[in-house]
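J.: Each chain is listed here by its residues.
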Amino acid sequence: MNTPFLIVIFVLLMVALALLPWAHRAWSERNGRADSTKTSPIPDEGSMFTDLEHPETSDDELNRQTQGQQSESGPDLLRVRITKARDLVSNRLKDIRGDSVDPQIWEKIEELLILADVGVHTTMDTIARLRATAEDRGLSEGGMVLDQLKLQMMTELSRDRALRTVAPKGGVPIWLFVGVNGVGKTTSIGKVARRYSDEGRKILLAAGDTFRAAAAEQLEQWALASEAELVRGSEGADPSSVIYDASEAAAARGVDLVLADTAGRLHNKVNLMEELAKVRRVADREPGEVCEVLLVIDATTGQNGLSQAREFSDAVDVTGVVLTKLDGSAKGGIVFAIEKELGLPVKLVGLGEGDRDLVDFDPDLFVEALFGDE
Amino acid sequence: MNARKVAEPRTASLAKSMFQSLTDRFDGILSRLKGKGRLTENDIAEATREIRLALLEADVHFNVVQGFIERTRQRCLSADVSESLTPGQQVVKIVNEELKTILGGESFQVTYSSKSPTVVLMAGLQGSGKTTSSAKLARWFKSQGRNPLLVAADLQRPAAVDQLQTLAKQIEVPVFTAPEGAIEAARGGLLEAQQTGRDVLIVDTAGRLTVDSALMDEIAGISDAVEPDYTFLVVDAMTGQDAVNTAEAFHATLELDAVILTKLDGDARGGAALSVKEVVGRPVAFASTGEKLQDFDQFHPERMAERILGMGDVLTLIEKAEEVFEQEAAEAATQRLLEGTFTLDDFVEQLRQVRQMGDLSSIVSMMPGIPKEVKDADVDEREIDRVEAIVLSMTPEERINPDVVDGSRRARIAKGSGTTPTQVSNLLKQFKEMRKAMKGLAGLGSKSKGRKSRTKKGKKGKKNSAKGGNSRVQPKESPTIPKLDIDGLDLTLPGR
Chain A
3 MNTPFLIVIF VLLMVALALL PWAHRAWSER NGRADSTKTS PIPDEGSMFT
53 DLEHPETSDD ELNRQTQGQQ SESGPDLLRV RITKARDLVS NRLKDIRGDS
103 VDPQIWEKIE ELLILADVGV HTTMDTIARL RATAEDRGLS EGGMVLDQLK
153 LQMMTELSRD RALRTVAPKG GVPIWLFVGV NGVGKTTSIG KVARRYSDEG
203 RKILLAAGDT FRAAAAEQLE QWALASEAEL VRGSEGADPS SVIYDASEAA
253 AARGVDLVLA DTAGRLHNKV NLMEELAKVR RVADREPGEV CEVLLVIDAT
303 TGQNGLSQAR EFSDAVDVTG VVLTKLDGSA KGGIVFAIEK ELGLPVKLVG
353 LGEGDRDLVD FDPDLFVEAL FGDE
Chain B
6 MNARKVAEPR TASLAKSMFQ SLTDRFDGIL SRLKGKGRLT ENDIAEATRE
56 IRLALLEADV HFNVVQGFIE RTRQRCLSAD VSESLTPGQQ VVKIVNEELK
106 TILGGESFQV TYSSKSPTVV LMAGLQGSGK TTSSAKLARW FKSQGRNPLL
156 VAADLQRPAA VDQLQTLAKQ IEVPVFTAPE GAIEAARGGL LEAQQTGRDV
206 LIVDTAGRLT VDSALMDEIA GISDAVEPDY TFLVVDAMTG QDAVNTAEAF
256 HATLELDAVI LTKLDGDARG GAALSVKEVV GRPVAFASTG EKLQDFDQFH
306 PERMAERILG MGDVLTLIEK AEEVFEQEAA EAATQRLLEG TFTLDDFVEQ
356 LRQVRQMGDL SSIVSMMPGI PKEVKDADVD EREIDRVEAI VLSMTPEERI
406 NPDVVDGSRR ARIAKGSGTT PTQVSNLLKQ FKEMRKAMKG LAGLGSKSKG
456 RKSRTKKGKK GKKNSAKGGN SRVQPKESPT IPKLDIDGLD LTLPGR
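Chains as they are written, first to last, in the working numbering: chain A, 3 to 376; chain B, 6 to 501.
Note that these hints are calculated values from the structure, not bench results. Incorrect hints may have been included.
[Unchecked claim] Incomplete in silico selection of chain B near chain A, CB under 7 Å:
no., residue
1, Leu58
2, Leu61
3, Glu62
4, Asp64
5, Gly134
6, Ala164
7, Gln168
8, Leu172
9, Met243
10, Gly245
11, Gln246
12, Asp247
13, Asp272
14, Ala273
15, Gln340
[What the hints assert, rightly or not] Lysine-lysine pairs mimicking BS3-like chemistry, simulated, CA-CA at most 30 Å apart:
no., chain 1, residue 1, chain 2, residue 2
16, A, Lys280, A, Lys204
17, A, Lys152, A, Lys342
18, A, Lys110, A, Lys152
19, A, Lys110, B, Lys105
20, B, Lys420, A, Lys280
21, B, Lys120, B, Lys174
22, B, Lys434, B, Lys420
23, A, Lys96, A, Lys342
24, A, Lys280, B, Lys297
This one's a predicted model, so the numbers in the text were calculated from it and none came from an experiment. Glycine included, each C-beta is placed from N, C-alpha and C at the ideal position.
Just chain A, same shape as in the assembly (with noise of 0.2 Å):
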């Protein structure tokens, strides 16, 4: 017999004898899952966290805080960055416009969704739409359907944005930064720290990020640069008794909002999501208590930040979404999916590279920059 034969035989038997039990329960969970909608399971404490390895990409967004944009406010600076990446659709947007309403017309407006990451889903909903509300008015002309277009989506997007600074029983406020790896997280937390800080606002950052390489210092740095205080553990400490150290720290020290990092994660591993859920639980316990858990995703992300939303969703609770990088050519069209399927609204956006531009989410700017050709 070779060898190579041998050895997969091999594998094969171990993995399919050591996965016995699992496939077992895992077909019985599957079986459950059918009658009751939402059973998580729940598995039993002590062994959650023996699994510590988080994936370890860099978390960078643009830190260069070299640059500072100070001089363009928030709404002019969102429609500037966007318009860089808007050229490359504004051709064919310009070719709709022109356009008469006949079929080619919904293929060229579905291509263009298409390529802002909008989805399929939601693109051929969007254009169904779109096309009874275009034949019920005798739309005749590609610049009345575009306009017409435009209006619908931001329609669509939700109104309810408001960040919560103050903890409604009165402990101190925590923010919690979630998402898959080199989203942003830490950068994001720099921007905010700068941004309150500004206001006048004592704040405080909580290194939850235990495992990536150098992720300590890199929030270190934003800490120096904000003028933020900062409460850290030693690498692959546990993330929750840092966050929760941070939060005990804020209340001692009267900080009014504590921002708190947590290494990336693929949200579907599931012992790094069950440790997350334990962070929020244990942030949330006294003194304490989570207003805002923001999960990060990158204005490049597909189809998959939809899936990302979810499973996030899932394991804490998210109560906002933060886009990050939205100054290249990115397009950002999942948040469309994001917001109608799980209702999450996207509360800020990351642009660029200064240090002062994470700005409110406005989704008429924000659709107008993607599909405007004004």
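Let chain A serve as the given structure and place chain B on it in line with the hints.
T.: The following block gives chain B in isolation, referenced to the frame of chain A:
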């Protein structure tokens, strides 16, 4: 291979491995066609429409999808009527071929420069995973017997240099950096490598947007300074339609050689991988499939195509196994297995080696013919820990002869391993049944060439019946194991 594609009922599930959902969609669409004796133009139109949706949902670039669909449609309509295939099978064949064309043929081969060091430049957007990939790549070169030097030329992101240094320490690779600037760091690194006899130089750069002309100029400057033999673009597998634009822009500035695909262990469908190859003409050279530094390997397009088509990836599995298993020990253990003298010690030992190959879920996903339910569910590694704990709580005698375990011993083992007596007895029962089945098989797998494939089939067949004897059988569970490799191993081994 087509005969196998008659799809069993599949259910939607949350977690999907890379490409898995694409595989499922293709399966469903094509199996519906296959049953048909005659295909109308309508059938073809419907199938191509569904394939189109499946590809778009997988983030394959719009233009690539249009091209794929158009070619497939044309070929289906003008297909020569083959005597041996039904029209349905012909469509399946055409789709298979087109898919393989898109993914690209040969694996990317790294050749070393005659003038040392061989220079590798890493480029990409922010957060795509350049720093981690640089370290993983260094580890890979080390495993190839090279002496890499890392250059930390990301001076933009706070603590990026620290991050690279921390990772480099884990793999014992030196890092060169210079605070003056990225180009200086790269140039200095090259000099350092030449002086210290390092034969591979990996330059990690800052993430940059393609619209940022200042930074694009900087990386062009780095490229001019070190004249890389290879320029790799690091792309996040979760990227959407934009992946192609990014790749085109970097390609225009830097002349890319290949792509490194990261975060493949997520549930992204990896359409970016398909698109970049098609649009920029550069293959995926490496893929990063996990959080540990060793979860990184060369990317084999042809194997990935087979994985999409639901055939598993046995070649990679074998390679990984060969890396980890000690040949002699494995052979001896197999021998004992066939003789029926396989002990629980052997089992734990082999299990440990299997785990060295990587995440169990990634191993499972490489196996052909594994039902979706098993592939999709998240493998809980703690279950394996538990199995190990049970065995380790046994006395040497019990490990050799599990029959001696009675009620009180079982209680003791359960206590020692933090499990329940039921768990202990289940494991023992399964182990004994497997051992018995294997022993019975030894007789089957005799002699000559036919033996390999027969043993294979026989083993699995028996294994299944062994499970059938299990008092806790789940009727639905049994079909999982028989499928395990009957199909899959047959698929790949003939090429051996």
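J.: Compare the structure with each hint and give your call.
T.: Outcome of the hint check:
The beta carbon of B:Leu58 comes within 5 Å of a beta carbon in chain A, closer than 7 Å, and the hint placing it at the interface holds. Below 7 Å, beta-carbon pairs count as interface contacts, and B:Leu61 has one with chain A at about 5 Å; its hint therefore holds. The interface hint given for B:Glu62 is met, as the beta carbon of that residue sits about 5 Å from the closest beta carbon of chain A, less than 7 Å. A least Cβ separation of about 4 Å between B:Asp64 and chain A falls short of the 7 Å threshold, and the interface hint therefore holds.
For B:Gly134, the shortest C-beta to C-beta distance to chain A is roughly 4 Å, which falls under 7 Å, so the interface hint holds. Because the beta carbon of B:Ala164 sits about 4 Å from the nearest beta carbon in chain A, less than 7 Å, this interface hint is met. Hint status for B:Gln168: holds, given a least beta-carbon distance of 4 Å to chain A, under 7 Å. Hint on B:Leu172 holds. Least Cβ distance to chain A is approximately 5 Å, under the 7 Å limit.
Among the interface hints, the one on B:Met243 holds; its C-beta lies about 4 Å from the nearest C-beta in chain A, closer than the 7 Å criterion. Nearest Cβ of chain A to the Cβ of B:Gly245: about 2 Å, under the 7 Å cut. The hint holds. This hint holds: B:Gln246 has a C-beta 5 Å from the nearest C-beta of chain A, less than the 7 Å allowed. For B:Asp247, the interface hint holds, the least distance from its beta-carbon to any beta-carbon of chain A being 5 Å, beneath 7 Å.
Among the interface hints, the one on B:Asp272 holds; its C-beta lies about 5 Å from the nearest C-beta in chain A, closer than the 7 Å criterion. For B:Ala273, the interface hint holds, since its Cβ comes within 7 Å of a Cβ in chain A; the closest pair sits about 4 Å apart. The interface hint given for B:Gln340 is violated, since its Cβ lies 9 Å from the closest Cβ of chain A, which is over the 7 Å cut-off. For the given pair, A:Lys280 sits about 26 Å from A:Lys204 by alpha-carbon distance, which is consistent with the 30 Å threshold.
Restraint check for A:Lys152 and A:Lys342: satisfied, since their Cα atoms lie roughly 16 Å apart, inside the 30 Å limit. With a C-alpha separation of about 15 Å, the suggested pairing of A:Lys110 with A:Lys152 holds against the 30 Å cut-off. Annotation: proposed proximity of A:Lys110 to B:Lys105 holds, straight-line Cα distance about 29 Å (limit 30 Å). At most 30 Å may separate the alpha-carbon atoms for a hinted pair to count; B:Lys420 and A:Lys280 meet this at roughly 27 Å.
Distance check on the hinted pair: B:Lys120 and B:Lys174 sit about 27 Å apart at the alpha-carbon level, within 30 Å; holds. Using a Cα cut-off of 30 Å, the hinted pair B:Lys434 and B:Lys420 holds, with the two alpha carbons roughly 18 Å apart. Using a Cα cut-off of 30 Å, the hinted pair A:Lys96 and A:Lys342 holds, with the two alpha carbons roughly 28 Å apart. For the hint pairing A:Lys280 with B:Lys297, the CA-to-CA distance comes to about 23 Å; that is within 30 Å, so the pair holds.
When the structure is compared with the earlier hints, a violation turns up for hint 15 alone.
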